[in-house]
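A.B. asks: In case you want the letters, here they are:
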Amino acid sequence: EPEVTQTPSHQVTQMGQEVILRCVPISNHLYFYWYRQILGQKVEFLVSFYNNEISEKSEIFDDQFSVERPDGSNFTLKIRSTKLEDSAMYFCASSERRAALASYGYTFGSGTRLTVV
Amino acid sequence: AQKITQTQPGMFVQEKEAVTLDCTYDTSDPSYGLFWYKQPSSGEMIFLIYQGSYDQQNATEGRYSLNFQKARKSANLVISASQLGDSAMYFCAMSLSGGSYIPTFGRGTSLIVHP
Numbered sequence: 002e003p004e005v006t007q008t009p010s011h012q013v014t015q016m017g018q019e020v021i022l023r024c025v026p027i028s029n030h031l032y033f034y035w036y037r038q039i040l041g042q043k044v045e046f047l048v049s050f051y052n053n054e055i056s057e058k059s060e061i062f063d064d065q066f067s068v069e070r071p072d073g074s075n076f077t078l079k080i081r082s083t084k085l086e087d088s089a090m091y092f093c094a095s096s097e098r099r100a101a102l103a104s105y106g107y108t109f110g111s112g113t114r115l116t117v118v
Numbered sequence: 035a036q037k038i039t040q041t042q043p044g045m046f047v048q049e050k051e052a053v054t055l056d057c058t059y060d061t062s063d064p065s066y067g068l069f070w071y072k073q074p075s076s077g078e079m080i081f082l083i084y085q086g087s088y089d090q091q092n093a094t095e096g097r098y099s100l101n102f103q104k105a106r107k108s109a110n111l112v113i114s115a116s117q118l119g120d121s122a123m124y125f126c127a128m129s130l131s132g133g134s135y136i137p138t139f140g141r142g143t144s145l146i147v148h149p
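Those protein sequence lines, which keep their order, are chains H and D.
Quick note on this note's numbering: the first sequence kicks off at 2 and runs consecutively.
Quick note on this note's numbering: the second sequence kicks off at 35 and runs consecutively.
Partial selection, computed: residues in chain D whose CB lies under 10 Å from chain H:
1. Phe69
2. Tyr71
3. Gln73
4. Glu78
5. Phe125
6. Ala127
7. Pro137
8. Thr138
9. Gly140
10. Arg141
11. Gly142
So the derived label-pair ranges between C-beta atoms look like this:
12. H/Gln18 x D/Pro149: 39 to 49 Å
13. D/Arg106 x H/Pro71: 44 to 54 Å
14. H/Gln15 x D/Thr54: 37 to 47 Å
15. D/Phe46 x H/Ser10: 27 to 37 Å
16. D/Pro43 x H/Glu97: 32 to 42 Å
17. H/Met16 x D/Gln90: 52 to 62 Å
No lab work stands behind these hints: they were computed from the structure.
Cβ atoms here follow ideal geometry from the backbone N, Cα and C, with glycine treated the same way.
So here's chain H without its partners, still in its complex pose (with noise of 0.2 Å):
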């Protein structure tokens, strides 16, 4: 069965250092998610991507933030400038459609756990 992979698995960075959160998406899939859940807390929303740009993002996806389809199949998330308050799990998402207004709607990856330190 078709997979999003993302790599590393876990992370653990210097507050002030860059990192970059790698996800493979589903190949036939065009729209791609990144999410973050702090820990114990709810999954929130953070940018969404289409046809090579942003498409959506929410006020958490500030200055600090950036996403990036370097190639046909790896789909990045800078951190800037880390702090301690971005350590969480983030989740990578990809879907075929827009809506997903049927069963195979969004296929999350298995997370990278980053910690910042």
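Put chain D on the given structure of chain H with help from the hints.
C.D. replies: Just chain D now, with coordinates in the frame of chain H:
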């Protein structure tokens, strides 16, 4: 804007019994999809079941069924014959067909299955 509410922060169930996890939603959009995801302690998000707003029948996937009551705007997840491996966080989510289609998640319910 859509809103998802999960009022049960934690639930306990005996192994082999059924359990219902509550989810209510609020939207004025007539076309939407409702999802349930399972998040075990390892952290990944696992898709469980989907219900479309125009679906006439309640969705079922194995031991999972969705009690969809459109007039009450509720989409409760029913897990039958609970297993120890069902212990996890469960998230309800909704996606709209118009406007913001980005899935919105509830705060989740922690389910613990006792032997």
